[in-house]
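Taken in order, these protein sequences are the chains called A and B. FYI, this note's numbering numbers position 72 of the first sequence as 294, with every residue one higher than the one before it. FYI, this note's numbering numbers position 203 of the second sequence as 538, with every residue one higher than the one before it.
Simulated from the structure, these hints should not be mistaken for lab results. Here the structure is a predicted model, which means the values were calculated and not measured. The beta-carbon is built from N, C-alpha and C at its ideal position, and this holds for glycine as well. Heads up, some of the hints might be wrong.
If you only want the chain A side, here are some residues facing chain B, beta carbon under 7 Å, derived [unchecked claim]:
1. 236
2. 240
3. 278
4. 289
5. 294
6. 313
To spell it out: a stretch of chain A is covered by chain B in this simulated footprint if at least three of its residues, at any positions, have a beta carbon under 8 Å from a beta carbon of chain B; those stretches are [what the hints assert, rightly or not]:
7. 244-257
8. 271-277
9. 300-312
Straight-line C-alpha distance at most 30 Å; calculated DSS-like pairs for lysine-lysine [said to hold, decoys possible]:
10. B:745 - A:248
11. B:741 - A:248
12. B:741 - A:288
13. B:745 - B:606
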Amino acid sequence: MSIRPEDVLHVARLAELDVAEADLPKLVEQMGRIVGFVEQLNEVPAGEQAPPFLAGPGRTPLRPDKVAPVPLVRPPSAIAPEFTHGFFSVPRLGAMEGE
Amino acid sequence: MSGVAAIADGVVSGAAPAAAVARETGERLRRAADLNATLHWSQELLDRDAARLDQLPPAERTRLPLAGVPVALKDNIVTTDQPTTCGSRILEGYVSPYDATVVGRLKGAGAIIASKTNLDEFAMGSSTEHSAWGRVKHPLDPARVPGGSSGGSAALVAAGVVPAALGSETGGSVRQPASFCGVVGVKPSYGRVSRFGLVAFGSSLDQVGVFGRTVDDAARVLAVISGHDPNDATSAAEPPVTLEPARRDLRGLTFGIPGEYVPADLDPGVKAGIDRAVQAIQDLGGTVRQVSLPHTRFAVPCYYIVAPAEAAANLARYDGVRYGQRRVGPEGDVRALYRATRGQGFGPEVRRRILIGTYVLSSGYYDAYYRKAQQVRALLADDFRKVFAAGVDLLLTPTTPTPAFKAGEKTEDPVAMYLADIFTCSLNLAALPAMSLPVGRSGGLPIGAQLVAPMFADARMLSVAAVLETVLDPTREVR
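Just chain A, same shape as in the assembly (with noise of 0.2 Å):
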């Protein structure tokens, strides 16, 4: 399957990608190698109800329902940039205030 740059800014899109116009033919030659690529999958007979793999272990351990404190060095304050009264502040964002 072909790439083309509508399908790569449709992604882009999508993943919250800014795309510089200049890099676009780039993107659209090495994406549709790569697609090319991976489109070898297609020779394998796996059937519609072939089982797909599951990573990790079998049965997954569980932790006792308690509540421990976490772990950080440092506070919330610290780490944030933007932190006031209690709360990780933000810029203030036009396109929110109407939602």
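Could you slot chain B onto chain A? The hints should help.
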């Protein structure tokens, strides 16, 4: 530089105090600055941690298996007293409010954190050329790459700056640079080492791995950092990897050589390295048998669907609100903030992988790509299961298809770069333990052989590697 056991012995007995180890480590880090392998370190921190050790009563030091051992950490393992940037502009200046479990275990065993090492941005790459802070140079030939993405850790161990270092593996990022640099690199079984505090890339693939100058150095560090951690839901309820008593030979063990890993066009130096390892196994009494892993050629395309898909999801948190240097876009709305932060903060390889990952997960393509890749992954894992069930104890393969390549050789062709992982990524897909052992040099460049073991047979793999190491001179030309 001494090995892990000798350094710890010296510190415990007081014959070579930790303060001296810290001073010498600092001198070596300064001398190795041209490699660009280190992103953060400070003599002050080294001296502080060493002084704490030297002030302990001797009886307490005796209980510390890594007393005073300087260990470098890949800069995607979080630490409270040094920054963690993942080689990315987007995390410039970030300092974690907690230590990774592996860091806590190292410190608890008396290790000194020597430095944070350079890497491909967010561990995405096979050459350590994709770091926002510049490429790492190969210790034997500065025009070449050390491999990646844990290239900084591999280069520091190979240059003799530290006896051991931690890296991380998603598709071969410890074994491949270990092979290129001529050191030991171990990827434990999936779930064997806690990932709490390892910055996530591909969650069904990621593992913390270990580099050592010798098998013993790597094994001693792995013994400390492995074992169940309730803070990591993927951590297996398995005990730490214990060091087995030294083997004298390999009698009673069967080694499988998968034909798919030794193609006719394999680099002659790499082929000669594998031939030398096979001869060593036979000389030590082991049995060698040809085996087949028929889905091998689908491993890299499978990996380059699964890993970017998981990366696209994991890296969504770097949006300028939760994590990441915030950049407000010209429109002043929240989407512009996200797009500007991510568009300017991530480098080209990370952007490319996020785009591919988002593409294969997008509406209409999920079944064709991601679901299909997970099905093929199950077939790949089944290939290994069948071979081990048929009486093979360990597999032997090349770690990489070529020795270290030149810087810039593959940066414009992502598929060519991805093929550098052709012999390693299948083990991340199958979740199995694997390691690279240096077996000699070709044209002056190190060659690594890869050992692969069944799930949770990490200790068997290390004990076999330790015997092989006694008869394979890693500095000798293989042809």
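- Enumerated hints in conflict with the structure, sorted upward: 4 and 12
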